[in-house]
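Novice: What follows is the residue order along each chain.
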Amino acid sequence: MFRTALRNVLAHKARLLMTVLAVMLGVAFVSGTLVFADTLSNAFRNQSAKSYDDVAVAVTSYADSEDPKAEPGVSRKTLDEIAALDGVAAAYGRVAGFAGVADPGGKLIGVGWSNKGSNFAPGKDGKDPAYAFTKGSGPVRDDQVALDVDSAAKGEYQVGDRVRVATNGPVKEYTLSGVFTTEDGAVNAGGSLVLFDTAVAQKQYLAPGYFQDVTVTAAPGASDTKILDAVKPLLPESAEAETGQALADKQAKQIEEGLGSLKQVLLGFAGIALFVGIFLISNTFTMLVAQRTKEIALMRAVGASRRQVTRSVLAEAALVGLVASLVGFALGVALAVGLRSGMAAFDMKIPDGPLILSATPVVAAVAVGVLITMFAAWLPGRRAAKIPPVAAMNSVHAAATTKSLVLRNSVGSAVTALGAAGIVLGASTGGSGGRMYIGAGAFFALIGVIILIPLLSRPVIALVRPLLVGPFGVAGKLAGQNAVRNPRRTGATASALAIGLTLVTGLSVLGVTVGTAIDKMTTDNIKADYMVSMANGGDLDQSALRALEKADGVSAVSPQQNAYFQLAGDDFVSVSAVTPGDITKVLNVDVVAGDIAALAKGQIAVAEKTAKKKGWKPGDSVAVTFSDKKKGALKVGAVYQNSEFLSPVLVDTKVVNAHEAKPSIQQIFVKTDGGQSAAGEKALINALGDNPAMTVMDRQDIRNEFGGAINTLLNIMYGLLAMALIIAVLGVVNTLAMSVFERQQEIGMLRAIGLDRRRVKRMVRLEAVVISVFGALVGIGLGAFLGWAIGKTLADQIPGYTLVLPWDRIGIFLVLAGLVGVLAALWPARNAARLNMLNAIKTE
Amino acid sequence: MTTASIAGRATAVAARATDLSKIYGQGETQVVALDRVTVEFRQAEFTAIMGPSGSGKSTLMHCVAGLDTFSSGSVRIGDTELGSLKDKQLTKLRRDKIGFIFQAFNLLPTLTALENITLPMDIAGRKPDKQWVDSVIRMIGLADRLGHRPAQLSGGQQQRVAVARALASRPEIIFGDEPTGNLDSRSGAEVLGFLRNSVREMGQTVVMVTHDPVAAAYADRVVFLADGRIVDEMFQPTADSVLDFMKQFDAKGRTS
Chain H
1 MFRTALRNVL AHKARLLMTV LAVMLGVAFV SGTLVFADTL SNAFRNQSAK
51 SYDDVAVAVT SYADSEDPKA EPGVSRKTLD EIAALDGVAA AYGRVAGFAG
101 VADPGGKLIG VGWSNKGSNF APGKDGKDPA YAFTKGSGPV RDDQVALDVD
151 SAAKGEYQVG DRVRVATNGP VKEYTLSGVF TTEDGAVNAG GSLVLFDTAV
201 AQKQYLAPGY FQDVTVTAAP GASDTKILDA VKPLLPESAE AETGQALADK
251 QAKQIEEGLG SLKQVLLGFA GIALFVGIFL ISNTFTMLVA QRTKEIALMR
301 AVGASRRQVT RSVLAEAALV GLVASLVGFA LGVALAVGLR SGMAAFDMKI
351 PDGPLILSAT PVVAAVAVGV LITMFAAWLP GRRAAKIPPV AAMNSVHAAA
401 TTKSLVLRNS VGSAVTALGA AGIVLGASTG GSGGRMYIGA GAFFALIGVI
451 ILIPLLSRPV IALVRPLLVG PFGVAGKLAG QNAVRNPRRT GATASALAIG
501 LTLVTGLSVL GVTVGTAIDK MTTDNIKADY MVSMANGGDL DQSALRALEK
551 ADGVSAVSPQ QNAYFQLAGD DFVSVSAVTP GDITKVLNVD VVAGDIAALA
601 KGQIAVAEKT AKKKGWKPGD SVAVTFSDKK KGALKVGAVY QNSEFLSPVL
651 VDTKVVNAHE AKPSIQQIFV KTDGGQSAAG EKALINALGD NPAMTVMDRQ
701 DIRNEFGGAI NTLLNIMYGL LAMALIIAVL GVVNTLAMSV FERQQEIGML
751 RAIGLDRRRV KRMVRLEAVV ISVFGALVGI GLGAFLGWAI GKTLADQIPG
801 YTLVLPWDRI GIFLVLAGLV GVLAALWPAR NAARLNMLNA IKTE
Chain Z
1 MTTASIAGRA TAVAARATDL SKIYGQGETQ VVALDRVTVE FRQAEFTAIM
51 GPSGSGKSTL MHCVAGLDTF SSGSVRIGDT ELGSLKDKQL TKLRRDKIGF
101 IFQAFNLLPT LTALENITLP MDIAGRKPDK QWVDSVIRMI GLADRLGHRP
151 AQLSGGQQQR VAVARALASR PEIIFGDEPT GNLDSRSGAE VLGFLRNSVR
201 EMGQTVVMVT HDPVAAAYAD RVVFLADGRI VDEMFQPTAD SVLDFMKQFD
251 AKGRTS
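If you're matching them up, the sequences are chains H and Z in order. Numbering of the first sequence is given in full-length UniProt numbering, commencing with residue 1 and proceeding in unit increments. Numbering of the second sequence is given in full-length UniProt numbering, commencing with residue 1 and proceeding in unit increments.
None of these hints come from the bench; they were simulated from the model. Being a predicted model, the structure only gives us computed values, none of them experimental. A few of these clues could be false.
Said to hold, decoys possible - The calculated SDA-like cross-link candidates involving lysine to any residue, where the alpha carbons are at most 20 Å apart (straight line), are:
no.	chain 1	residue 1	chain 2	residue 2
1	H	Lys761	Z	Asp87
2	Z	Lys88	H	Arg758
3	Z	Lys92	H	Phe472
Please model the complete structure; the sequences and the hints are all you need to start from.
Specialist: Below, the structure written as structure tokens:
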């Protein structure tokens, strides 16, 4: 029987092409993901092992900088003690924080959040083992800095040039003393690294004479664990020590976990692509079996058992799956290599390392490809086994299985109803529990709709039929009827598209709804013309606030300064410290009770929900413990409506600053006299000393900042779902090719009685469009329903939530689905038009 | 029996092939399917083309009907010379001037009987002449079956719908390729009767390829083909006379 299977595969090469392509793409996605993750994780592991190669013991301080009684880190004295220990070759103390470098044009070099500054810690030999200087040397004076090679190249800086460096304070100019290479993670992530003289860095990031980290190198032959044991007693309470090996292992594990979730997400999308492929494969084998009815009946007549017939179909599937898997695997490896260089092109630096081809991806690729193909061919195989031997004797073509769809429809309706009930229940329950119900409901609804899709095809397509007949005449009429001729096949083809579009639409509805809500929230709440923040998302220095207050043309300035108070002996409450008076000019504060002007008198304002919970009213006095542990009492001056931009408690910055050495200013909101203008923005930037590390955002920038992430996320999702959509398109091509092949005689007759080639093409093309748009409609409907349900569970977390159906996007999806149909029909339509009429109408 | 026209018969020619040749392949493997055939099909005449398998009878019909290309010679339908036409013009010619009845696969399974009948007009974007279509339907006697789809009709009924379709657009000429080949004798007789009536009563021109002497007996004239050449013709044939001729012809073929 295997020989028969092999012959069949070879005989139907062309008809199996789409199946092979579909399996190949899915397998490529799976194996590409696995190989990419393996390669990446190996490279990162090697890198982290390398960066801890010389490190015997690493010390990290977790000191609380707000606690004035505790030591802020590891002192110089302790460092010296460690260095003097037996077996220690050297100990290097380090401090680090944010530092941004301006290029000659004043723009920040590198990715904001991973721009780092640290200290150059030379050992006795004057060298710091963490940095290999390619030009010049390390900074040893307080006006010197060193830069990593890539950042220096981006700024076109040479040793001896003046470089403007911003930390969270004002910008300073330094002389570039040297350029180095490093294995530092920040640099590898695409950021910049600035090295300062140790004293400068300590003053900037911690406190003079103190370090956050200490790396200890061992003398030859000394044991790491012995050093660790000796180091531990010397450390302050807030510091911890570990061997370099342990740290490297820990980091490797973190990397593994980080990549693991990326891998899972990618595999999830690969799974969707493969799932979509099942429909295509199943369609192909159904048709192959139908065409081979006589052949199979003959085999049965000469003594093949049912099982042998099924097995022969499955063997054929396995063979196809195997070939497709192997090609898919090769493609996957290419994909992994491409992805890596693609990431490099986007400035995401990935440490070098060999391409890792372990056994797992190979086995997984082949197993997935072969099993999926066999699974999809299983039902057609069973149907083949049911062909009676007598079918071989019938002169008439065995009619297509017109088995009633009653059972299928009842099962489908039940499953769909179950799923829909789950989704509705989830939507009304809300919260994460509700989302669980929705997840399960979505699964059942999708399966149910897939089962029901043949039934749906008739009424839905009947609905669009007038649109076909009107402008396209007889070609449109025939296309509409052809599309519902084999509801199972049309259903399976449309299902593939429907699955992709369910996900795409669901995500779009959700993304656009949430995005709109956030955007509305932003525009409703922010009255300021500009928002100033750090490029790395860190704290702004107080000097920036002072500078803005003094800037020309500024009418109101208030920081959004974070603090934590213990109110009324309770847990810590997040507090926004603001500038009284100005705050209401830059942010929308809806006062419910009392007077917000009371902030100027040192009183607090409390958000409505908190006030209600605690039972506070204006005039009440609340006991407070500040961050420096000092106690006091604050009077409630006003109650305001909760806002996403304000903490539940508002207070004057003066009250907070009396208790905090380093205020944590997240953003500064600025309102200017003339409203938004280029000159106004320039004045602010100048007031900030043209600091590359600070970003000044106008209202549009602010909206993008808060809503933009959602768009980026949506685009990534669209990209990942593209593979599933491509496979769905292959499915449409496949179905049309089959239909054209099966309807040769009809097409021949139509040509004979006068349908020209153009209209034959149009007929096939329209059929494709009808099937695609049908699938899209089903997907869009289900997706919008899911988006609504999930959105509902989020509604209480997003103030002002209202469902937004992105009609523009939905319209684009439908148009794209139509285009998919046209595209998919290119080849089958050409074939249909070129058909030799005489061969077609010849009786066998 | 000669090719001379018989007095009293309409002399207008609906289709004419002159020196028509069709050659497949080249050199050694060359096969001559039609060898300089000259034949006329007169208006309002029912012609049967007969001949043994491989005689070229179907090829002749296909070439004259604009379904197939030919190697040399000329074919005219009415005033139109087919040899110079491109596919697009040929398609239009078939649509507007020719009706077809094939042995099988005549009907589109998705269309009702009536829709199948009016299909050529639909394709042409013409409004069917309702009176005419009604009279055709009345003639074939399927008025109560018009809403049925082909799968719900018997083989004979399906062929009757095919005849109606060929007649409905009032083509200049109807070609039938073994139109009764798949039917039992009673259904076949009905279909042939309709074709003959259309010639007698409606003045339709019909050319039919068949290998069945009984079918040929419905025609006004039978043209015999062998080895790609016209070897003889017979007017007012009967089943017996045709059969006799075929027997003779077979015998001749064997002895020569």
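Novice: Indicate, hint by hint, whether the structure satisfies it.
Specialist: Here's how the hints hold up against the structure:
1. Restraint check: the Cα-Cα separation between lysine 761 of chain H and aspartate 87 of chain Z comes to about 15 Å, which is no more than 20 Å; the hinted pair holds.
2. With a C-alpha separation of about 9 Å, the suggested pair lysine 88 of chain Z and arginine 758 of chain H falls inside the 20 Å cut-off, and the hint holds.
3. Taken as a hint, the lysine 92 of chain Z and phenylalanine 472 of chain H pair is honoured in the structure, with Cα atoms around 18 Å apart against an allowance of 20 Å.
The structure is consistent with each of the numbered hints, conforming to all of them.
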